[in-house]
Amino acid sequence: KSAPIAFLNLVYPMLDDRTDAHPFTGKHVWTANANRYGWDAILAGQDRDNPSPYAVPGRAADLAGLPPVFVAVGAIDLFAGENLALASRLIDAGVPVEFHLYPGAYHGFIQIPGARPAEQFKRAGGISKRCRGIAGTPPRDFVRQRLAGRALEGMHKLQHRVAFARAEVDGDATGHFFN
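Position 112 of the sequence shown, counting from 1, maps to 112 under our numbering, and the rest follow consecutively.
Hint data in this document are derived by calculation from the structure and do not stem from the laboratory.
Just so you know, these numbers come straight off a predicted model, no measurement behind them.
Heads up, some of the hints might be wrong.
As the list claims (entries may be wrong) - For each label pair, taking beta carbons as the anchor points, the in silico distance ranges come out as:
1. D20 with S88: 14 to 22 Å
2. G45 with P113: 36 to 44 Å
3. E98 with H22: 20 to 28 Å
4. D40 with A3: 29 to 37 Å
5. G45 with E119: 38 to 46 Å
6. R18 with E98: 24 to 32 Å
7. D47 with D20: 15 to 23 Å
8. Q120 with P4: 29 to 37 Å
9. E98 with E119: 15 to 23 Å
To be verified - Derived SDA-like pairs (lysine to any residue); straight-line CA-CA distance at most 25 Å:
10. K27 with Q111
11. K27 with L15
12. K122 with A55
13. K1 with A55
14. K27 with R116
15. K1 with Y54
16. K122 with F7
17. K27 with Q120
18. K1 with L66
19. K122 with H100
20. K27 with P13
21. K122 with E98
22. K27 with L84
23. K27 with P103
24. K122 with N9
25. K122 with P67
26. K27 with G104
27. K122 with L15
28. K122 with V11
29. K122 with Q111
30. K27 with H100
31. K27 with I112
32. K1 with P57
33. K27 with K1
34. K122 with P96
35. K27 with G58
36. K27 with G38
37. K1 with P53
38. K122 with G81
39. K27 with P96
40. K122 with L84
Ideal placement from N, C-alpha and C gives every residue a C-beta, glycine not left out.
Make a model of the complete structure from these sequences and hints.
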């Protein structure tokens, strides 16, 4: 038997397969093309008109009863709109939610050491403090899972750094991210 989920920590989550190009977001790191590619991979073999809400959380009809949720996203991240929509729906469903929108930040911003949004996120408590503050002390299984997930985090950081380096080489990096 598994323990009930005590807390959801969502940092620039990909929630809705219907998110597409936007004139002001999604120009850096995670673009609309990358998003389509990601959703094609996740939803391969599924009914695209009626996907499981476990695969596409943005399509979940009922959010009532979820544990407390923390959501952080950059204002120019492709996911900003869908993350705002989720926060609003959570509030409407009576779920405790804390939402942070970081001006000038795009997808992966917490992976860029020294960048203003990353430093703001860290000063605000980052991920581990959020978990303790909203959900209480994490159980041992959470700690074990967190330690086991370090390798995946390292890969995720590397993916963001490679994407950012490519954006710089392509002249696609935004200067105001570092202001």
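Problem - Restraint check for K122 with Q111, where alpha carbons must lie at most 25 Å apart - result: 11 Å, holds
Handout entry: K1 paired with A55 [C-alpha distance capped at 25 Å]
Key = This hinted pair holds, its Cα atoms lying about 22 Å apart.
Exercise for the section: Verify the proposed pairing of K27 with I112, using a straight-line Cα cut of 25 Å. Expected result: OK: K27 and I112 at ~17 Å, within 25 Å.
Exercise for the section: May I ask you to test the hint 15 to 23 Å on the CB atoms belonging to D47 and D20? Expected result: Cβ of D47 to Cβ of D20: about 19 Å, so the range 15 to 23 Å holds.
Exercise for the section: Take the C-beta atom of Q120 and the C-beta atom of P4, compute their distance, and say whether it sits inside 29 to 37 Å. Expected result: 31 Å, holds
Problem - Pair hint K27 and Q120, alpha-carbon separation not exceeding 25 Å - result: 22 Å, holds
Practice task
Take a quick look at whether K27 and P103 sit within 25 Å of each other, Cα to Cα.
Solution key: Holds, because 15 Å separates the two Cα atoms, which is no more than 25 Å.
Problem - 25 Å Cα cutoff - pair K27, L15 - result: 18 Å, holds
Exercise for the section: Assess, step by step, whether the Cα of K27 is no farther than 25 Å from the Cα of P13, and give holds or violated. Expected result: 17 Å, holds
Exercise for the section: Below or equal to 25 Å on CA atoms is what counts here, so check K122 against H100. Expected result: 12 Å, holds
Problem - Hint consistency between K27 and K1 [alpha-carbon to alpha-carbon, up to 25 Å] - result: Answer violated: K27 to K1 is near 43 Å, above 25 Å.
Handout entry: Agreement of K122 and G81 with the hint, judged by alpha carbon distance not exceeding 25 Å
Key = Between K122 and G81 the Cα gap is close to 23 Å, so the pair holds against 25 Å.
Checked against the numbered hints above, the structure breaks hints 12, 33, 39 and satisfies the rest.
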